[in-house]
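Chemist: What follows is each chain in one-letter form.
There are 2 protein chains.
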Amino acid sequence: MGTFESPIATVDVALFTVSEGRLCVMLAKRPDDAGIFPAVFALPGGYIHVTEDDDAEACARRVLRGKAGLRAPYLEQLCTFSGKFRDPRAWSLSVAYYAVVPATELVGTSLRLAPVDELPALPFDHNQIVATAVRRLRGKASYSSLPTFLLPEKFTFDELHAVYQQVMGVAINKVSFRRKIENQGIVVPVPGEKLYGAHRPAQLYRAAERTLMEFDQII
Amino acid sequence: MGTFESPIATVDVALFTVSEGRLCVMLAKRPDDAGIFPAVFALPGGYIHVTEDDDAEACARRVLRGKAGLRAPYLEQLCTFSGKFRDPRAWSLSVAYYAVVPATELVGTSLRLAPVDELPALPFDHNQIVATAVRRLRGKASYSSLPTFLLPEKFTFDELHAVYQQVMGVAINKVSFRRKIENQGIVVPVPGEKLYGAHRPAQLYRAAERTLMEFDQII
Numbered sequence: 001m002g003t004f005e006s007p008i009a010t011v012d013v014a015l016f017t018v019s020e021g022r023l024c025v026m027l028a029k030r031p032d033d034a035g036i037f038p039a040v041f042a043l044p045g046g047y048i049h050v051t052e053d054d055d056a057e058a059c060a061r062r063v064l065r066g067k068a069g070l071r072a073p074y075l076e077q078l079c080t081f082s083g084k085f086r087d088p089r090a091w092s093l094s095v096a097y098y099a100v101v102p103a104t105e106l107v108g109t110s111l112r113l114a115p116v117d118e119l120p121a122l123p124f125d126h127n128q129i130v131a132t133a134v135r136r137l138r139g140k141a142s143y144s145s146l147p148t149f150l151l152p153e154k155f156t157f158d159e160l161h162a163v164y165q166q167v168m169g170v171a172i173n174k175v176s177f178r179r180k181i182e183n184q185g186i187v188v189p190v191p192g193e194k195l196y197g198a199h200r201p202a203q204l205y206r207a208a209e210r211t212l213m214e215f216d217q218i219i
Numbered sequence: 001m002g003t004f005e006s007p008i009a010t011v012d013v014a015l016f017t018v019s020e021g022r023l024c025v026m027l028a029k030r031p032d033d034a035g036i037f038p039a040v041f042a043l044p045g046g047y048i049h050v051t052e053d054d055d056a057e058a059c060a061r062r063v064l065r066g067k068a069g070l071r072a073p074y075l076e077q078l079c080t081f082s083g084k085f086r087d088p089r090a091w092s093l094s095v096a097y098y099a100v101v102p103a104t105e106l107v108g109t110s111l112r113l114a115p116v117d118e119l120p121a122l123p124f125d126h127n128q129i130v131a132t133a134v135r136r137l138r139g140k141a142s143y144s145s146l147p148t149f150l151l152p153e154k155f156t157f158d159e160l161h162a163v164y165q166q167v168m169g170v171a172i173n174k175v176s177f178r179r180k181i182e183n184q185g186i187v188v189p190v191p192g193e194k195l196y197g198a199h200r201p202a203q204l205y206r207a208a209e210r211t212l213m214e215f216d217q218i219i
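Protein chains in written order, with the UniProt record's numbering: chain A, 1 to 219; chain B, 1 to 219.
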């Protein structure tokens, strides 16, 4: 179609989770017979299939289903990386997405965890995609419920505080954090549900909405 | 290249200016011999030329040079619109950008002004692109120097206040606006330069930086 040679069109996904207290991105091993960078770890991604994908987001969801078994993670378009040189084969563009899931949803995948602050050298411009995604994730986390998508459905206040710290990569004053979270109604207590452990029982909370909520600056 | 049929890959630009006190987007008439939507007004755009454009942003700059004679407007990637149905010819994607220029830089172009709140029906998903771009522009204007890119190099405080109101589409209290602008150092007075007119002479200002500056919430 069209008068001009089309670029290669792909989708790549920076899939974030928190594991052992660290913000991590998931890497997939490229096939042993890949035409380029065979058997190398990279962001999960693939060609847009015009006969199969309704749009680029559907392509990203197909990649996440196929490579991580994920059905409905939090998913958002990041931006498009493009140019003559990013793929040694030809002019290419990648519509990059980022996704956010609790680590429990990644049990049994063949993906490999990589802490974002100790990322190995990745093929193409995938290090730049991850860096851009981390900036977006941190920017948005500072005024939204985005980090709650890294938690299981029910969580304690201490777990919520910890995950915001892990995403932002900084210490957050717990008293003022609690005040902002409570004032803005980001989470709601689950009636009658407490976590019993070594300490006094802790109230369990859940996100007030299942979709992303935006707020005044939290952090 | 590649095992799969590639989508059509284009770039479209929502080019904003303020004219007669209203936020406007510029529309270009499609060629009389266009294969689709001939002679219809649409966002300026075009195919990515893989032999000519270094990347998608270079394509957007080529479109703005060719259709509006613009050399260095404020330009930023918005997001990518894609899918089976947005172009009746085939699966297509458009890497959408938005740009912001003073109206004085558009003198003599063949582009047509359209106020964003009275936009005609546009082909493809261009109404959706404009709506997304207006949201981004307003979101970013509320905490950055973005509206100063709509002004000439030197401007009065009243002109600055007016352009923030025009971009945001709301009335802004002038006293608290002045305090926030001054506290955050968004503009600096031009020494010795005043505008003389019917009223008492008004100090002229310029943006503190030629690049986009981000701040605490202004509005």
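Keep in mind that the hints were calculated from the coordinates and are not lab data.
Hints should not be assumed to be uniformly reliable.
To be verified - Each pair of labels, with its calculated beta carbon distance range:
no. : chain 1 : residue 1 : chain 2 : residue 2 : range
1   : A       : Asp158    : B       : Arg22     : 49 to 55 Å
2   : A       : Glu5      : B       : Thr109    : 55 to 61 Å
3   : B       : Glu118    : A       : Ala208    : 44 to 50 Å
4   : B       : Ala208    : A       : Glu118    : 35 to 41 Å
5   : A       : Phe215    : B       : Leu212    : 19 to 25 Å
6   : B       : Glu118    : A       : Lys29     : 52 to 58 Å
7   : A       : Ala39     : B       : Thr109    : 51 to 57 Å
8   : B       : Val107    : A       : Glu105    : 55 to 61 Å
9   : A       : Phe37     : B       : Leu195    : 55 to 61 Å
10  : A       : Glu182    : B       : Lys180    : 51 to 57 Å
11  : B       : Glu118    : A       : Gly69     : 46 to 52 Å
12  : A       : Ala208    : B       : Leu195    : 31 to 37 Å
13  : A       : Ser144    : B       : Lys180    : 20 to 26 Å
To be verified - Simulated crosslink set (DSSO-like; lysine-lysine; CA at most 27 Å straight-line):
no. : chain 1 : residue 1 : chain 2 : residue 2
14  : A       : Lys180    : B       : Lys194
15  : A       : Lys84     : B       : Lys67
16  : B       : Lys84     : A       : Lys84
17  : B       : Lys140    : B       : Lys67
18  : B       : Lys180    : A       : Lys180
19  : B       : Lys140    : A       : Lys140
20  : B       : Lys180    : A       : Lys140
21  : B       : Lys174    : B       : Lys194
As the list claims (entries may be wrong) - Only some residues are given here: those of chain A computed to face chain B with a beta carbon under 7 Å:
no. : residue
22  : Glu52
23  : Ala103
24  : Glu105
25  : Thr109
On a predicted model such as this, the values are computed, not experimentally measured, just so you know.
We put the CB at the ideal spot given by N, CA and C, even for glycine.
Chemist: Indicate, hint by hint, whether the structure satisfies it.
Modeler: Hints, verified against the model:
Between A:Asp158 and B:Arg22 the beta carbon distance is about 51 Å. The supplied range of 49 to 55 Å therefore holds. Take A:Glu5 and B:Thr109: their Cβ atoms lie about 29 Å apart, and the range 55 to 61 Å is violated. Separated by about 37 Å at the C-beta atoms, B:Glu118 and A:Ala208 break the suggested range of 44 to 50 Å. Checked against the hint of 35 to 41 Å, the C-beta distance between B:Ala208 and A:Glu118 comes to roughly 37 Å, which is consistent with it.
Between A:Phe215 and B:Leu212 the beta carbons are some 24 Å apart, a value that agrees with the proposed interval 19 to 25 Å. Checked against the given bound of 52 to 58 Å, the beta carbons of B:Glu118 and A:Lys29, roughly 53 Å apart, stay inside it. Evaluation of the 51 to 57 Å hint for A:Ala39 and B:Thr109 yields a pass: the beta carbon distance comes to about 52 Å. Between B:Val107 and A:Glu105 the CB atoms are about 56 Å apart, so this pair conforms to the stated range of 55 to 61 Å.
Range check, A:Phe37 to B:Leu195: Cβ separation about 60 Å, and the 55 to 61 Å hint holds. For the pair A:Glu182 and B:Lys180, the beta carbons lie near 27 Å from each other, so the given range of 51 to 57 Å is not met. Separated by about 48 Å at the C-beta atoms, B:Glu118 and A:Gly69 satisfy the suggested range of 46 to 52 Å. Range check, A:Ala208 to B:Leu195: about 50 Å between beta-carbon atoms, so the 31 to 37 Å window is missed.
As the Cβ distance of A:Ser144 to B:Lys180 is approximately 23 Å, the hint placing it in 20 to 26 Å holds. Using a Cα cut-off of 27 Å, the hinted pair A:Lys180 and B:Lys194 is violated, with the two alpha carbons roughly 45 Å apart. Pair hint A:Lys84 plus B:Lys67 holds up; C-alpha atoms about 24 Å apart against a cutoff of 27 Å. As the CA atoms of B:Lys84 and A:Lys84 are separated by approximately 25 Å, the hinted pair is consistent with the 27 Å bound.
Distance restraint check for B:Lys140 and B:Lys67: the Cα-Cα separation of roughly 26 Å lies within the 27 Å cut-off, and the hinted pair is therefore satisfied. Using a Cα cut-off of 27 Å, the hinted pair B:Lys180 and A:Lys180 holds, with the two alpha carbons roughly 23 Å apart. Distance restraint check for B:Lys140 and A:Lys140: the Cα-Cα separation of roughly 13 Å lies within the 27 Å cut-off, and the hinted pair is therefore satisfied. Between B:Lys180 and A:Lys140, the direct Cα distance comes to roughly 23 Å. Compliance with the 27 Å bound is thereby established for this hinted pair.
As the CA atoms of B:Lys174 and B:Lys194 are separated by approximately 20 Å, the hinted pair is consistent with the 27 Å bound. Violation of the interface hint for A:Glu52 is found here, the shortest Cβ-Cβ separation to chain B being roughly 9 Å, above the 7 Å cut-off. Proximity of A:Ala103 to chain B is violated relative to the hint, the smallest CB-CB distance being about 28 Å (cut-off 7 Å). Interface hint status for A:Glu105: violated, as the beta-carbon distance to the closest one in chain B is roughly 26 Å, over 7 Å.
A distance limit of 7 Å between C-beta atoms decides the matter here; for A:Thr109 the minimum to chain B is near 25 Å, and the interface restraint is violated.
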